[in-house]
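Protein sequence lines correspond, in order, to chains A and B. Per the numbering used here, residue 31 is the first one in the first sequence, and the count goes up by one each step. Per the numbering used here, residue 31 is the first one in the second sequence, and the count goes up by one each step.
Note that identical chains are pooled: a pair holds if it fits in a single copy or bridges any two copies.
Below, a list of computed lysine-lysine pairs in the DSS-like style, where the Cα atoms sit at most 27 Å apart:
1. 77 <-> 188
2. 188 <-> 53
3. 267 <-> 77
4. 228 <-> 77
5. 257 <-> 228
6. 213 <-> 267
7. 55 <-> 188
8. 106 <-> 77
Hint data in this document are derived by calculation from the structure and do not stem from the laboratory. Since the model is a prediction, treat every value here as computed from it, not as a measurement.
Number of protein chains: 2
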Amino acid sequence: MEEQPIRITSKENPWIKRAVRLKEKKYRDREQSFWIEGERASGELLKHLASVRVFFVQEDHWAIWKERIPCAYWKKTYLIPEKLASHISATETFSGIGAIAWMPHWRNEEIFPKRGTLLYLDHVQDPGNIGTMIRTAHAFALDGILLSPECGDPFNPKVVRSAMGMLLNFPVLTQITDEDLKKASDQYGYQIIGATLKNGSIIHYCHHYTEPQIIVIGSEAFGISDKIDEICHNYVKIPISFNSESLNAAVACGIILSEINRQQNEKF
Amino acid sequence: MEEQPIRITSKENPWIKRAVRLKEKKYRDREQSFWIEGERASGELLKHLASVRVFFVQEDHWAIWKERIPCAYWKKTYLIPEKLASHISATETFSGIGAIAWMPHWRNEEIFPKRGTLLYLDHVQDPGNIGTMIRTAHAFALDGILLSPECGDPFNPKVVRSAMGMLLNFPVLTQITDEDLKKASDQYGYQIIGATLKNGSIIHYCHHYTEPQIIVIGSEAFGISDKIDEICHNYVKIPISFNSESLNAAVACGIILSEINRQQNEKF
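The shape of chain A in the complex, shown without the other chains (with noise of 0.2 Å):
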């Protein structure tokens, strides 16, 4: 008979609990785990299994999933109810599968002397906006991400969900501050480029963007910083609409992230 990943049933069951306690930062802390769901990001996990601690996967899926799962992760599976299912979701609908995956770590000295391109967000709070830059960041190949240390936690339920999955093999530094980013510019020669709509910035397409760089993107509400504001060498506006007070942040961000690209490649 073929072997089947347990079925749990209790929201007593130790891994249930934890499930639901990785909502909660404190938690992702101490365990160094973080709660993963959807199609789409649990897809991104079997592509970096080394990162998997659990998976749980509604019953009624189980037929779809048992075809993705290697068989050697089914001791590391658990079948749920529907009911607990709803229990475990960090969403409205759970859409048949969940996991707990270590989180990944990554060190300012394997980043910074890439001398590429970094983002670095300033203060940023809204949890779908760090996601999607996360997102965004890795499809426009950028060496990685520098969360100041007011930011939102990258690990939380809704950066995960936002971010597809793209946490788990994206570099993100967190706690970084002004100081890191002067240290990283005179070690290493970062130009460090600010967007902002303040006076004296330059249209974003006029820039012309070389590596080594950090993109600084500041908060949504009160823009990039002072102390950070102090130390960019360079500003970059988006022209917009004279009525309009300014862009989402983080599609600010991919309009940039995509002229430097544009950019990079017209060389050739």
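Fit chain B to the supplied structure of chain A, relying on the hints for placement.
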């Protein structure tokens, strides 16, 4: 003695009941009104006072809003205690002001003859994405945004929030079918340009954008639908890293609209 807005304390007050019910589409359609909240969106409403049905100001925020709401509108303003504020809010934390506004009405015949740039959303459901694209289309001074019948409701509170109140003065046409697009194209010469990664699509910044044109963004999960795909004249794609699946729809939209803007400005 200075006149003050009326204070409401009961959940049974008809305006409070209306504010709560407007979270549902059928009431919005019946009342031809929608719910707005937050400082920025409500600030936008102050520029379009004819759209105001009522303002709700949390009483401890009145000192601020009394300077901004013209006193002729105080009779349309209600002061509410914190408890009632959380009752009517569509968010976790009410930021002091909310309002009921009349839905703007736009007719196809006002928009299509402009022969500029329009954005068409095909089966886009995510309210955050729809709102962000409205805000972006407004920022790049498009003539309007067209929604397919399967799109999410533009007056959903989450759309209104992401659009930052831009719904009040920016043309949004709903229930636009493939036949409407075809007709607009035949009658006014619109080029229909699909954003898609499919074979045969050209790199977006290599396309020469010329008005009149309609940019089509498909659903995040399924891309552009077959019916719409059939009537596209051209396809553009944003080049991304080979191991990345796609960009967020609102980010992709921003990148294309920004490129159109760049090409238009480089002409001068």
